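Protein chains in written order, with this note's numbering: chain A, 14 to 92; chain B, 89 to 469.
Keep in mind the hints are simulated off the structure, nothing from the lab. Here the structure is a predicted model, which means the values were calculated and not measured. Mixed in with the good hints there might be a few duds.
Sample of chain B residues with no beta-carbon within 12 Å of chain A, all distances over it, derived [claimed, not checked]: (1) Gly-299; (2) Ala-401; (3) Asp-407.
If you want the footprint, here are the derived chain A segments under chain B, 3+ residues with CB under 8 Å [unchecked claim]: (4) 16-30; (5) 40-47; (6) 60-74.
Using N, Cα and C, we set each Cβ at its ideal position, and we do this for glycine too.
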Amino acid sequence: MCLALPARVVALVDAETATVDLGGVRKPVSIALVPEARVDDYVIVHVGHAIGLLDPAEAARTLALFAQMPAPDAPASPS
Amino acid sequence: MRYIDEFRDGALAQRLAERIAAEVRPGRTYRFMEFCGGHTHALSRYGIAELLPPGIRMIHGPGCPVCVLPIGRIDQAIGLALERGALLATYGDVMRVPASGGLSLMRAKARGADIRMVYSAADALALAQANPSREVVFLAIGFETTTPPTALVIRRAAREGVANFSVLCCHVLTPSAITHILESAEVRAYGTVPIDGFVGPAHVSIVIGAGPYEHFAEEYRKPVVIAGFEPLDVMQAILMLVRQVNEGRAQVENEFARAVTRDGNLAAQAAVSEVFELRPAFEWRGLGEVPYSALRIRRAFAAFDAERRFGLAYAPVPDHKGCECGAILRGVKTPVDCRLFDTVCTPESPMGSCMVSTEGACAAHYSYGRFRDARLQGPAT
Numbered sequence: 014m015c016l017a018l019p020a021r022v023v024a025l026v027d028a029e030t031a032t033v034d035l036g037g038v039r040k041p042v043s044i045a046l047v048p049e050a051r052v053d054d055y056v057i058v059h060v061g062h063a064i065g066l067l068d069p070a071e072a073a074r075t076l077a078l079f080a081q082m083p084a085p086d087a088p089a090s091p092s
Numbered sequence: 089m090r091y092i093d094e095f096r097d098g099a100l101a102q103r104l105a106e107r108i109a110a111e112v113r114p115g116r117t118y119r120f121m122e123f124c125g126g127h128t129h130a131l132s133r134y135g136i137a138e139l140l141p142p143g144i145r146m147i148h149g150p151g152c153p154v155c156v157l158p159i160g161r162i163d164q165a166i167g168l169a170l171e172r173g174a175l176l177a178t179y180g181d182v183m184r185v186p187a188s189g190g191l192s193l194m195r196a197k198a199r200g201a202d203i204r205m206v207y208s209a210a211d212a213l214a215l216a217q218a219n220p221s222r223e224v225v226f227l228a229i230g231f232e233t234t235t236p237p238t239a240l241v242i243r244r245a246a247r248e249g250v251a252n253f254s255v256l257c258c259h260v261l262t263p264s265a266i267t268h269i270l271e272s273a274e275v276r277a278y279g280t281v282p283i284d285g286f287v288g289p290a291h292v293s294i295v296i297g298a299g300p301y302e303h304f305a306e307e308y309r310k311p312v313v314i315a316g317f318e319p320l321d322v323m324q325a326i327l328m329l330v331r332q333v334n335e336g337r338a339q340v341e342n343e344f345a346r347a348v349t350r351d352g353n354l355a356a357q358a359a360v361s362e363v364f365e366l367r368p369a370f371e372w373r374g375l376g377e378v379p380y381s382a383l384r385i386r387r388a389f390a391a392f393d394a395e396r397r398f399g400l401a402y403a404p405v406p407d408h409k410g411c412e413c414g415a416i417l418r419g420v421k422t423p424v425d426c427r428l429f430d431t432v433c434t435p436e437s438p439m440g441s442c443m444v445s446t447e448g449a450c451a452a453h454y455s456y457g458r459f460r461d462a463r464l465q466g467p468a469t
């Protein structure tokens, strides 16, 4: 029910509407809750509304955190 | 898709699993509750349960708004459509929720009720504008993620003077439900399992922020790690919880920092508080009455409140006697402990709340987990 997907803003239609690209599908969503959204931002879309912005720098940091895991054949660092 | 596929990488998942196994203290049991149905679904769908060491037990919480919607609320909606001639619009997830007298919205529709599935609250308002001679009621359900769009649509209906539109508000709140699980009177009846930490909501937290959990972590001394709904997010959150438990910490940590800030979405919060206020009590299916756990429409928007407009009174309806949802939602029992599970209660014909939505503990176990059980027990005779 709370499912939401990250989608890229491709155009601003009016003050409260944007067109987003969702894996190749383009559709209008409301940006009334995220008025700061701009073209090329990623927004999180839930029931036709952008409810938040995605922070690319934080996403990269989280992915880097996963990648810091020791590889399966490497010995685990002593802790 | 970008920001999804990277968070489903199988090789990284294996490495995270090894890290978790390496950091778990031998002989210690870690009991973590994932509040959200989205996390329950991810745990089952991606087989995360099988990647975790035996010392970690995940307890599936009540964070599925479809599952916790009580029978009495669906009865109200069906009554509006069947007896009062209203056009009822709602999210598709609600259509199969069992109501009284063997009915559901789907079955009421088959009896001639005008019930429409909508993708967005805005679609419900559009139905009202396209059918000015009909009373159009939007059955609004969901947690803090889904509430702001409902607030926007009520505000717009007021601004545009749409006279035939109203909302049956069943929006519920996450933090009060988490608290209730830890301290409700029913804990005595059901017994309780100690919970060592919580995997905190993903999209709910985009709206409310990480802040509301701080008081909770402090007062109840329980670690909370807010996590995204992708499998690597969930595993990383479990690793962070294990570390907090090992170090004796009880803090709010944010694994989902790419979307969640401390303060949340202030524009969404402002829209919600303009239109809604706290309800003194609301019945949750499986949990019973939970104080200050839901929202109702403010008096200033009374014209759009279906409860006031149609003079609706709420009548609670008990669940099936054999249903163990109340105990399952608290982690005291598992789906297979319920004698209705996979006998009379299935996703096609759910009896209890946990079987209703794919995010419910029983439905997730029915779809994915029971095959693991079957393999452990050997071939059926």
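Hints, one by one, checked against the model:
no.: 1; hint: Gly-299; in the structure: holds (15 Å)
no.: 2; hint: Ala-401; in the structure: holds (27 Å)
no.: 3; hint: Asp-407; in the structure: holds (20 Å)
no.: 4; hint: 16-30; in the structure: holds (count 5)
no.: 5; hint: 40-47; in the structure: holds (count 4)
no.: 6; hint: 60-74; in the structure: holds (count 12)
Hint check: no violations occur; every hint is consistent with the structure.
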